[in-house]
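Engineer: The chain contents come next:
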Amino acid sequence: MNLQKIIDQLKLTVLTESRDFTGITPAGGYSSDLLSCVMAGAKKGDLWITLQAHLNIVAVAALNELAAVIITENAQPDAASIAKANQQGVILLSTPQSTYEVNGRLWELGLRN
Amino acid sequence: MSPQARPLTEQEAHGRRGRPITDHDAHEISHVEALSYDLKIRDVMSNVMRTASPEMPIEQVLEILRINRISGLPVLENDILVGIVSLEDIVRAMRNNDLTAATSQYMTREVVTVVSYDPIVNAVRTFTEKQLGRLPVLDENRKLVGMITKGDITRGILVALEKDYKEEEVRRYRASHLFEDVISERTTLVMRYTIKAGDFTQGGKASSHIKRALLRLGADPQITRRCCIAVYEAEMNLIIHTTNGGILKLEVEPHRITMSTTDDGPGIADTEVVFEPGYSTATEQVREMGFGAGMGLVNMKRCVDEIKLESTVGKGTRLVMRIFIPNQTVGVSRDGQNDEPSKNY
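Line order of the protein sequences matches chains A and B. Basically the numbering used here = 1-based index in the first sequence + 15. Basically the numbering used here = 1-based index in the second sequence + 6.
Derived by calculation from the structure, the hints in this document are not laboratory data. All residues carry an ideal CB built from backbone N, CA and C; glycine is no exception. Don't take each hint at face value.
What the hints assert, rightly or not - Not the full set, but computed from the structure, chain A residues with beta-carbon under 8 Å of chain B:
id: 1; residue: Ser33
id: 2; residue: Leu49
id: 3; residue: Met54
id: 4; residue: Val75
id: 5; residue: Glu123
Kindly produce the complete structure, drawing on both the sequences and the hints.
Structural biologist: Written out as structure tokens, the structure reads:
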């Protein structure tokens with residue numbers, strides 16, 4: 016399941032620069048709003064589903080080489096965060112759905128790692 | 007932590023860290039994908055161009071194609087691209103026994119083009135969507151400046167890959183041989199970073215610099231990852247909890263990595279309780295940002311082989327963490343493994 020399909024299926028909004036998402040296949044997923052837990056628990060290539068939208072999620076996503084961050088419940092990162100994400104090659108996606116709903120949809124789509 | 011600590015066996019280290027930290031395929035971000043965005047069409051297209059005019063007889067076009075071993079020509083009229091004539095068009099003319107006809111009668115007028123300043127990924131998309139083999143390239147004034155084929159793209163990517171690969175190889179080679187090239191009884195590479203209190207905009211910056219440095223030095227990706235998690239937590243602690251920030255220091259030796267932070271306050275009253283999962287003194291504001299889970303020191307302890315926290319309230323805190331590198335291949339003596347890292351900073 017490539018990232019473009021996930022974006023289409025879940026109707027996610029791409030906040031960072033558009034690029035070819037079909038070549039990105041998330042390895043799995045991880046959900047938490049606690050950055051320490053993400054540092055410890057998320058694996059390289061994972062999707063990270065969180066309510067957090069501030070600048071530091073970019074550093075955590077970059078350090079862990081995560082596939083993308085899905086920001087839930089329409090939480091909106093500021094322009095500086097989006098600029099930093101573009102600079103570091105971190106993909107930020109947004110949705111009005113809750114973390115619980117997104118997790119459920121991803122599980123249904125077969126992302127179960 | 008006892009001062010006689012020895013490197014842990016892999017099993018011990020594993021048990022202490024809890025769940026193992028996996029890092030499947032270390033540096034596998036698709037390089038070619040990145041290149042297809044970085045490289046521009048003008049970087050890979052061919053400039054040497056033969057063109058036809060609308061009045062040129064088809065047999066003359068055929069002759070140009072034959073001599074130059076190419077399969078198509080752009081057709082220009084007053085410097086404007088008006089069509090493209092390919093072998094297929096010529097075959098149609100041959101069937102009609104009409105080789106003396108003007109190119110304009112057989113050329114394809116609906117020309118699909120790409121622009122020189124676009125990334126090559128656009129050309130790749132056009133090739134796939136339109137099932138075409140060659141595309142005229144226009145500049146910003148819509149003037150024809152070249153032609154691009156799939157072969158040009160492949161060549162361009164290979165050349166760029168080779169260049170990148172060589173540059174990174176040289177960097178890695180130089181870095182990873184540092185310890186062999188420098189002869190001393192004990193070689194240590196020290197990296198020092200000043201971390202400002204409350205500066206969340208820089209959070210994780212030192213950690214990412216350290217990550218790149220370690221990979222260049224040839225460190226194992228798993229060890230790099232453990233090191234990064236520990237350093238990130240330590241870096242954030244300096245940002246979140248200190249009065250005036252602090253110093254983050256990394257000392258790399260062939261057989262171990264020592265990470266330390268020093269600050270001048272406020273200090274920690276109980277250096278045991280901070281290792282309890284969930285214990286946190288973070289403010290509500292910091293917690294809202296997702297920090298202050300009370301997992302920082304727990305994470306650090308899980309990732310390193312040795313951790314020591316010393317603190318005096320009102321004076322400051324010093325944190326020292328070590329990761330031992332198993333099967334070190336560089337022939338450096340293991341003397342002085344248990345002594346203190348240098349205190350001058």
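Engineer: Work down the list of hints and note, for each, if the structure agrees.
Structural biologist: Now for the hints, and whether the structure bears them out:
Because the beta carbon of A:Ser33 sits about 11 Å from the nearest beta carbon in chain B, more than 8 Å, this interface hint is broken. A distance limit of 8 Å between C-beta atoms decides the matter here; for A:Leu49 the minimum to chain B is near 4 Å, and the interface restraint holds. For A:Met54, the shortest C-beta to C-beta distance to chain B is roughly 5 Å, which falls under 8 Å, so the interface hint holds. The restraint placing A:Val75 at the interface with chain B holds, with a minimum CB-CB distance near 7 Å, inside the 8 Å limit.
A least Cβ separation of about 24 Å between A:Glu123 and chain B goes past the 8 Å threshold, and the interface hint is therefore violated.
Consistency note: the structure conflicts with the earlier hints numbered 1 and 5.
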